[in-house]
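> Here are the chains, one letter per residue:
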Amino acid sequence: MNNVFVYIEIEEREIADVSLELLTKGRELANTLGVKLEAVVIGKDVKGVAPELAKYGADTVWVADNEIFAPFRTLPHTAVMVGLIEQEKPQIALFGATPVGRDFAPRVSSALHSGLTADCTELVIGEHKDAKTGKEYDSLLYQIRPAFGGNIIATIVNPECRPQMATVREGVMRKEELATPAAGEVREINWQPMVKDTDLAVRIVERHIEERKINIKGASVIVAGGYGVGSKEGFKLVHELANVLGGEVGASRAAVDAGFTEHERQIGQTGVTVRPKLYIACGISGQIQHTAGMDGSAMIVSINTDPEAPINKIADYAITGSVEEVIPKMIKYYKQNSK
Amino acid sequence: MAKQVPDTRNVGKDAMTPEGTVNRAALPAIFNPEDLNALEMALEMKDRLGEATVHVLTMGPQRAADIIREAMFRGADGGYLLSGREFAGSDTLATSYALSCALRKINPDIIVAGRQAIDGDTAQVGPQVAQKLDMPQVTYAEELVDIKEGEVTIKRRLERGSEVVVAPLPAVITVNSSAKECRPRNAKRVMKFKYALATSELQAADAKAQEFIEARPYLHIVEYAAADVNPDAEQLGLAGSPTKVKKIENVVFQAKEAKRLTAEDKDIEALMQELIASHTIG
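Read top to bottom, the protein sequences are chains A and B. Just so you know, we're using numbering that gives the first Met the number 0 here: the first sequence kicks off at 0 and counts up by one. Just so you know, we're using numbering that gives the first Met the number 0 here: the second sequence kicks off at 0 and counts up by one.
Calculated from the structure, these hints are not laboratory results. Here a beta-carbon is modelled for each residue, glycine too, at the ideal position from N, C-alpha and C. Misleading hints may appear alongside valid ones.
Stated by the list, open to error - A few chain B positions that, by computed beta-carbon distances, are all more than 12 Å from chain A:
#1 ASP76
#2 VAL189
#3 ASN229
As the list claims (entries may be wrong) - With a straight-line cut-off of 25 Å between C-alpha atoms, the simulated DSS-like cross-links for lysine-lysine are:
#4 LYS154(B) to LYS179(B)
#5 LYS265(B) to LYS131(A)
#6 LYS212(A) to LYS154(B)
#7 LYS265(B) to LYS328(A)
#8 LYS246(B) to LYS134(A)
#9 LYS334(A) to LYS265(B)
#10 LYS312(A) to LYS265(B)
#11 LYS131(A) to LYS154(B)
#12 LYS246(B) to LYS312(A)
#13 LYS258(B) to LYS276(A)
#14 LYS265(B) to LYS276(A)
#15 LYS231(A) to LYS179(B)
#16 LYS243(B) to LYS88(A)
#17 LYS243(B) to LYS128(A)
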């Protein structure tokens, strides 16, 4: 009772990184609260994952294992999650802000009439006093996220309804194995009474999974372009520099929205979070929506025509100049000086 | 379902007050971009079915009727504006509840909405409405494959790849920005619908305009107040919202001293040499 739940996402028999990251964060929250951390696994042939989840701190691993649960469909997963939450009454339930989590976590929250905060960038336990009623709470989950296009940071609490639910994007939290694994005790979910026939009404008739073509998360050098790059053509320069430096190309949301490059390259609150050794921001103004996904980079170089661009406040080197002028020079001097 | 949103993508310098807060009034109100993709998918359903009608439901202040008119210019048959002080301060759950009350009254066969609104980016309202109406949902919809009596076939985006699903109707579909772009305004429709008014706008209009619209019912945008959709008042607005905003902070960057460089050759060369020397690159 009153434990911390983490929904574990499994795709093609692989545990999603975000689920392990949430276990690490969940472990920290459970320790602060003095409760257990429980992982919930819903899928097919998934019983073997418990030891891996234990390494990241799961005291209990709840399992519903049946072919109706894979591939993921909204209604059966919702039914089991809602049923188990009603049975176990966790105080916190965390989901990855992946297409799966963003699809069914809102539905779970609606069924339970409990609040859900999307895309949190930080989760901490803290106290709260309701301004109207004066009622005090000692240990609520602070759900912290950028809002309003990233121009403000909001701390959201959920004083009365349980569980307190939040989604977090992949890469935002760090995953960390424990020195000694937690118990990882497997418990079967009695899911049969939870799932109705009508929950199986949506049929998947075709499915295909693409190889991950773009891997900006693992890149040690990222050259990212923003709206200031100006065009698809301009992005060729960004690619050229990334190629020369052996890095990957990233982008701000504005550049993706403008159609300059693929969505997979989007870095920021609604994209990927990265921590490369070197981040070169080309024509990126640096709204928090974007910086939330890259401010952990070891070194940040900004190229911007506007010396007052907000990105310069977190940059190590701020070059005042245009992308078209600066990038060819960087390529030239890198080639001249390397090896 | 559609939403009028402040254009947060274009927060320029004039949109910030001298204190560094967002001046919402300076942001233009626009049709939420993914809701336009949703409108297109709904219009495509109508094209394929022949006999269907498309109506837009939005919740917001009176001026949100603008997006209903915009939808009519592009092909929608009409719309509903859900408006009232009772709805103020709603989080996603209270918003979904209010919309679901209106939808019970309207009773559509299929509900199409954008995946998410750019002022919140939560993507929660679609699935929450579906749950409240006990309908299946198809999120991240990218393409309408087929629609016929009682079922819809949709291609939807996955994290890595795509799948095609068949859902029984009624259902809620939420549409991704990667779906087809919305058709533009049609000049004849603009001429026909430019005088369309929501009930409260109509009441404020002069007698001549009122007479004009009464003779043309297709120009009347239905407006619902809270009481018209029979809600449980405790589930509306701030009171009906489980999540509360504890604190709002303006974004303040922890300024660190950036080394300023020019675009001149000597500066760029020195930088590249330094990056190589520190093994950051190379």
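> Compare the structure with each hint and give your call.
Each hint tested on the structure:
For ASP76(B), the non-interface assignment is confirmed: its Cβ lies about 28 Å from the closest Cβ of chain A, beyond the 12 Å cut-off. Look at VAL189(B): its CB is around 26 Å from the nearest CB on chain A, clear of 12 Å, so calling it non-interface holds up. Distance check for ASN229(B) against chain A: the nearest CB is about 18 Å away, which clears 12 Å, and the non-interface claim stands. Only pairs whose Cα atoms come within 25 Å are accepted, and LYS154(B) paired with LYS179(B) is accepted, the gap being roughly 12 Å.
For the suggested pair LYS265(B) and LYS131(A), the alpha carbons sit about 61 Å apart, so the restraint of at most 25 Å is broken. Taking the CA atoms of LYS212(A) and LYS154(B), the gap is near 21 Å; set against the 25 Å cutoff, the hint holds. The suggested pairing of LYS265(B) with LYS328(A) holds, with an alpha-carbon distance near 10 Å, which does not exceed 25 Å. Taking the CA atoms of LYS246(B) and LYS134(A), the gap is near 17 Å; set against the 25 Å cutoff, the hint holds.
Our distance criterion of 25 Å between C-alpha atoms is met by LYS334(A) and LYS265(B), whose separation comes to about 15 Å. Restraint check: the Cα-Cα separation between LYS312(A) and LYS265(B) comes to about 23 Å, which is no more than 25 Å; the hinted pair holds. The hinted pair formed by LYS131(A) and LYS154(B) fails the criterion: a straight-line CA distance of about 47 Å is larger than 25 Å. Proximity of LYS246(B) to LYS312(A) is assessed by CA-CA distance (about 24 Å); at most 25 Å being required, the pair is judged to hold.
A hinted pair counts as satisfied when its Cα atoms are at most 25 Å apart, and LYS258(B) with LYS276(A) qualifies at roughly 18 Å. Pair hint LYS265(B) plus LYS276(A) holds up; C-alpha atoms about 24 Å apart against a cutoff of 25 Å. For the proposed pair LYS231(A) and LYS179(B), the alpha carbon gap of about 20 Å is at most 25 Å, so the pair holds. Taken as a hint, the LYS243(B) and LYS88(A) pair is honoured in the structure, with Cα atoms around 21 Å apart against an allowance of 25 Å.
Taken as a hint, the LYS243(B) and LYS128(A) pair is honoured in the structure, with Cα atoms around 11 Å apart against an allowance of 25 Å.
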